[in-house]
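> Mind docking chain B on chain A? Use the hints.
These protein sequence lines map, in sequence, to chains A and B.
If you use the numbering used here, the first sequence corresponds to residues 1 to 241, in order.
If you use the numbering used here, the second sequence corresponds to residues 1 to 241, in order.
Fair warning: there could be bad hints in the mix.
Claimed, not checked - The following label-pair restraints were derived from C-beta to C-beta distances:
| # | chain 1 | residue 1 | chain 2 | residue 2 | range |
| --- | --- | --- | --- | --- | --- |
| 1 | B | 47 | A | 213 | 41 to 49 angstroms |
| 2 | B | 18 | A | 6 | 38 to 46 angstroms |
| 3 | B | 142 | A | 207 | 52 to 60 angstroms |
| 4 | B | 153 | A | 141 | 34 to 42 angstroms |
| 5 | A | 4 | B | 80 | 29 to 37 angstroms |
| 6 | B | 211 | A | 211 | 44 to 52 angstroms |
| 7 | B | 148 | A | 16 | 32 to 40 angstroms |
| 8 | B | 123 | A | 119 | 46 to 54 angstroms |
| 9 | A | 149 | B | 46 | 55 to 63 angstroms |
| 10 | B | 211 | A | 123 | 53 to 61 angstroms |
To be verified - Subject to a maximum C-alpha distance of 25 angstroms in a straight line, what follows is the list of computed PhoX-like cross-link-like pairs (lysine-lysine):
| # | chain 1 | residue 1 | chain 2 | residue 2 |
| --- | --- | --- | --- | --- |
| 11 | A | 16 | A | 163 |
| 12 | B | 197 | A | 124 |
| 13 | B | 228 | A | 197 |
| 14 | B | 197 | A | 197 |
| 15 | B | 16 | A | 228 |
| 16 | A | 148 | B | 14 |
| 17 | A | 152 | B | 16 |
Hints listed in this document are in silico derivations from the structure and should not be mistaken for laboratory results.
Think of the CB as a built atom: it goes at the ideal place given N, C-alpha and C, for glycine as much as any other residue.
There are 2 protein chains.
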Amino acid sequence: MADGQSYPVDEVNKVKRRHDRGHYDHETVHALLDSAVLCHVSYVIDGQPFCTPTLYWREGTRLYWHGSSASRMLRNLSEGEPACLTVTHLDSLVLARCGFNHSADYRSVMAFGKARIVEDQAEKEQALVMMVDRIFPGRTAQLRQSDKQEIKATAVIYMDIEKASAKIRAKGVADDDEDYLLPIYAERLPIYTVIGKPEPCPRLMDGVARPANLAPYATGRLLEEAAKESYAAAYAVTEKA
Amino acid sequence: MADGQSYPVDEVNKVKRRHDRGHYDHETVHALLDSAVLCHVSYVIDGQPFCTPTLYWREGTRLYWHGSSASRMLRNLSEGEPACLTVTHLDSLVLARCGFNHSADYRSVMAFGKARIVEDQAEKEQALVMMVDRIFPGRTAQLRQSDKQEIKATAVIYMDIEKASAKIRAKGVADDDEDYLLPIYAERLPIYTVIGKPEPCPRLMDGVARPANLAPYATGRLLEEAAKESYAAAYAVTEKA
Numbered sequence: 001m002a003d004g005q006s007y008p009v010d011e012v013n014k015v016k017r018r019h020d021r022g023h024y025d026h027e028t029v030h031a032l033l034d035s036a037v038l039c040h041v042s043y044v045i046d047g048q049p050f051c052t053p054t055l056y057w058r059e060g061t062r063l064y065w066h067g068s069s070a071s072r073m074l075r076n077l078s079e080g081e082p083a084c085l086t087v088t089h090l091d092s093l094v095l096a097r098c099g100f101n102h103s104a105d106y107r108s109v110m111a112f113g114k115a116r117i118v119e120d121q122a123e124k125e126q127a128l129v130m131m132v133d134r135i136f137p138g139r140t141a142q143l144r145q146s147d148k149q150e151i152k153a154t155a156v157i158y159m160d161i162e163k164a165s166a167k168i169r170a171k172g173v174a175d176d177d178e179d180y181l182l183p184i185y186a187e188r189l190p191i192y193t194v195i196g197k198p199e200p201c202p203r204l205m206d207g208v209a210r211p212a213n214l215a216p217y218a219t220g221r222l223l224e225e226a227a228k229e230s231y232a233a234a235y236a237v238t239e240k241a
Numbered sequence: 001m002a003d004g005q006s007y008p009v010d011e012v013n014k015v016k017r018r019h020d021r022g023h024y025d026h027e028t029v030h031a032l033l034d035s036a037v038l039c040h041v042s043y044v045i046d047g048q049p050f051c052t053p054t055l056y057w058r059e060g061t062r063l064y065w066h067g068s069s070a071s072r073m074l075r076n077l078s079e080g081e082p083a084c085l086t087v088t089h090l091d092s093l094v095l096a097r098c099g100f101n102h103s104a105d106y107r108s109v110m111a112f113g114k115a116r117i118v119e120d121q122a123e124k125e126q127a128l129v130m131m132v133d134r135i136f137p138g139r140t141a142q143l144r145q146s147d148k149q150e151i152k153a154t155a156v157i158y159m160d161i162e163k164a165s166a167k168i169r170a171k172g173v174a175d176d177d178e179d180y181l182l183p184i185y186a187e188r189l190p191i192y193t194v195i196g197k198p199e200p201c202p203r204l205m206d207g208v209a210r211p212a213n214l215a216p217y218a219t220g221r222l223l224e225e226a227a228k229e230s231y232a233a234a235y236a237v238t239e240k241a
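If we strip away everything but chain A, and leave its shape as in the complex, we get:
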């Protein structure tokens, strides 16, 4: 998937503090985007910023997200509104030998562009398929199909990424040289986001079993591993089609 390309860097997306943690290449940015399902989107209405959590996914350099949780925003978006979509993997809390060096390991992406509503009906219907199939490849074909009212009631937003940056800290404890000689305890405390035991709907019809395409969502697995794998599967299918 590596295309060797990078996002342009300017005042908006340049990682200023700790610039050694900054990355702008498509490969790094996209890999982080594709291994999560939850993002936070920022937008502005009358000078007031809003930060809304939502599900999202990527196609090339275009991001999509579910617009229904952002109804305030939708009314303002048809012209395209500046937005920032951020994805964060929290990997650890870092306990150092002084307060200043306490930190966290993390991998985050901030993507900037103009958010717009998907108006084209065919693109919208395809997006509604991928909203589900990006996480659970092949699932839409197993479902009761959406009716016109449902399609109308769901808003899908897209944003072509104009600029983006990834910021990665992955070094655990990093104390000042002289502090390593102090009798103070320090550790890296890993944080994982994992999949729990699936809870089948209590109202399943007799004989209905968990379909094989959900196997990547296995108890105890890292959500990011399942998300990465399902993303690759979902888009390999689409590209062949």
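Just chain B now, kept in the frame of chain A:
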């Protein structure tokens, strides 16, 4: 901790879509804020929204966060800049019998106010203590103390919450009545954020053991449980002092 109070509701923080999921009382909002360590803060520079992940904590109706990761913002904040701080607990992915009813269980808070830099030196020094002790109560006293340069190099931001809303979905699969009769598999897939096995710094001095005050951060525990417990411990200590 319940004070019976609520945040005022207006166009900014009213939960419009799925308004049955909205809560405005201090008890609900504060409990969600105190059981997480990572937030996303939105702010605006020259019409461009930014969404930045950072560590944060609450004191009463004031939120604090670490400003160093938002250096762009800091230059603009001394007058107070409109901001939105959002915290999201993703609790499950919900696989329904149609695409439209696919969802997620989550608990989120959006808090609105004006962000400002903590300028008062005594408040700043106390905030730098709580930045660590809010997560690891009593830890700062065990550390090499901060020097003037370190204190100067860290920026702390605060925001008095003017408006806030919590939004909670906690119902798992919720299909249309007639869809329950279809032979389609549906489940709630729980998602947990958990603490991994602590990784002691390889350069610890001989005989330095993990201190007892880190016990809440035990392998396999939910991060939110440890965060909630340590928050209560940290602020009980402060209130007694």
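> Could you check the structure against the hints above and give me the numbers of any it violates, in ascending order?
Result: hints 4, 5, 7, 9, 12, 15, 16 break, sorted rising.
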